[in-house]
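Q: Residue-level listing of the chains:
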Amino acid sequence: MTSLWRKAFDAIERPVAAGAEVWVQSDTFMDLAAVAFRVQRRLAGELQRSAEQWLEAWGMISRRELVSVMNQVASLERQVRELAHELERRESSARDEQAPVRRAA
Amino acid sequence: MAPSLLERQVLRTRNGLAYLAGTNRPVMAQTPRDLIWKRDKARLWRYRSEGPRYRPPVLIVHSLISKSYVLDLLPSTSMVRYLVGEGFDVFLLDWVPPDPADAENTLETYVDGYIPEAIGALLEEADAEEVTLIGYCFGGVLTLLLAAAHPELPIRNMMVMATPCDYREMGFMSNMFREHRLDPDDVISDTGLVPARALDEGFQTLKPTEQLVQTVNFFQNLWNDQFIEGFLAIGYWARDQVPFPGAAFRQTVDVLIRQNALATGVIPFGRGELHLEDIRCPFLNAFAEQDGITPAASSEPLTRLVGSKDASELRLESGHVGFVAGRQAAKVARPQIAEWIRTRSDEV
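Those sequence lines, one after another, are chains G and W.
For the first sequence, my numbering assigns the number 1 to the initial residue and increments by one for each residue that follows.
For the second sequence, my numbering assigns the number 1 to the initial residue and increments by one for each residue that follows.
The reader is advised that the hints may include incorrect statements.
[Stated by the list, open to error] Just the calculated beta-carbon pair ranges, DEER-fashion:
1) Arg64(G) to His180(W): 24 to 34 Å
2) Glu65(G) to His180(W): 32 to 42 Å
3) Val348(W) to Ala99(G): 23 to 33 Å
4) Glu277(W) to Gln25(G): 25 to 35 Å
5) Ile12(G) to Glu313(W): 33 to 43 Å
6) Ala21(W) to Leu66(G): 34 to 44 Å
7) Ser3(G) to Gln30(W): 32 to 42 Å
8) Ser92(G) to Glu300(W): 35 to 45 Å
9) Ala51(G) to Arg280(W): 50 to 60 Å
FYI, nobody ran anything at the bench for these hints, they're computed from the structure.
Model, not experiment: these values are computed from the prediction.
Every residue, glycine too, gets a C-beta built ideally from N, C-alpha and C.
Build the full structure now, drawing on both the sequences and the hints.
A: Here's what the structure looks like:
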């Protein structure tokens, strides 16, 4: 049996949720959300740049430098992967070429 | 017999204290399995069984936007445990969360690289000649592209679950990336990945009062051990999001969302294009009526877009997660899914 407090909660929450879910899917909300997201991202970016300049001025490591190193390491990892895949492909084709020769022998 | 009011208060206190202390976190992904192949962040697991009763083996390809333990959340609701118990040889192709080294992974990286290689490893490991493919959520998109791009692969049957097709019907998550709103690069971070937080915030926006309702449900059912276990497991998984490779995200927005290519049946891919009508194997399109993430209207068109003469759909009364991890799905959906695979497999 549903308790009284839960019935009261549902009586308020359900119409509010239904309205909010329709609003979230509306063009007006999505246009506003997109603008808000871009503004927030730009402000956060500006703040971060200022903080990084301040850190770099004091000779400290900034997030930008860390991300730059991470991306360089990631790029190296990608190159190693490609080389490893290429090596595997060559070994595999070499095995395929040798197999008929061995069978013939 | 239901506990008395006093007993409930005692249970509430006990479970509440355990929750605050963090000691009642459920143990998830308990079905025993072995890692049989890996490349970069791709992992192929084989679930242990007492000898499969049906062939070909079943390969589940998981989504790129969530963690795969939702398929094996708790023993009582585990999808993979059920399939293993039904006599199938179950494999899971899983993805370790990407890091900046994976930022340039495109959809082709998965469809032309990891998945065909994993299928090769599976066939060798299981000594099989064919495979039944299952794709869940975005994993379904990957399997569709795979089957259309690689007709040479020995795919005996194919099933997609909660898989988006018509992105106009996807609502907020897709419409935010229509022209003049957000561009992919607005959400891709300087590491080249879409942060997990961005996806989490997007999902939460879909149902603005969900967090409040879940909290109320939690306190109302705090005395019920079974409810709390499932609640905590699903809650933990839902917040445990993963980043998305930036290059694959740009393609998703451009091809799948803005061109709505899956819904047209012709998808620009690699240097050419793919046709869904080239998918000729038996095909099952399973989707959930109450799915707020992949609405049924988005999945529906797939059944008529594939070229299979044996294409059917399975509509389920559940949500996106309940589909694979819910108690109702365990009773209703899975027997139908297992039966569909069984009638298209061979007895060993």
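Q: Now look at each hint and say whether the structure bears it out.
A: Against the structure, the hints:
no. : hint                              : in the structure
1   : Arg64(G) to His180(W): 24 to 34 Å : 30 Å, holds
2   : Glu65(G) to His180(W): 32 to 42 Å : 35 Å, holds
3   : Val348(W) to Ala99(G): 23 to 33 Å : 31 Å, holds
4   : Glu277(W) to Gln25(G): 25 to 35 Å : 32 Å, holds
5   : Ile12(G) to Glu313(W): 33 to 43 Å : 37 Å, holds
6   : Ala21(W) to Leu66(G): 34 to 44 Å  : 36 Å, holds
7   : Ser3(G) to Gln30(W): 32 to 42 Å   : 34 Å, holds
8   : Ser92(G) to Glu300(W): 35 to 45 Å : 42 Å, holds
9   : Ala51(G) to Arg280(W): 50 to 60 Å : 57 Å, holds
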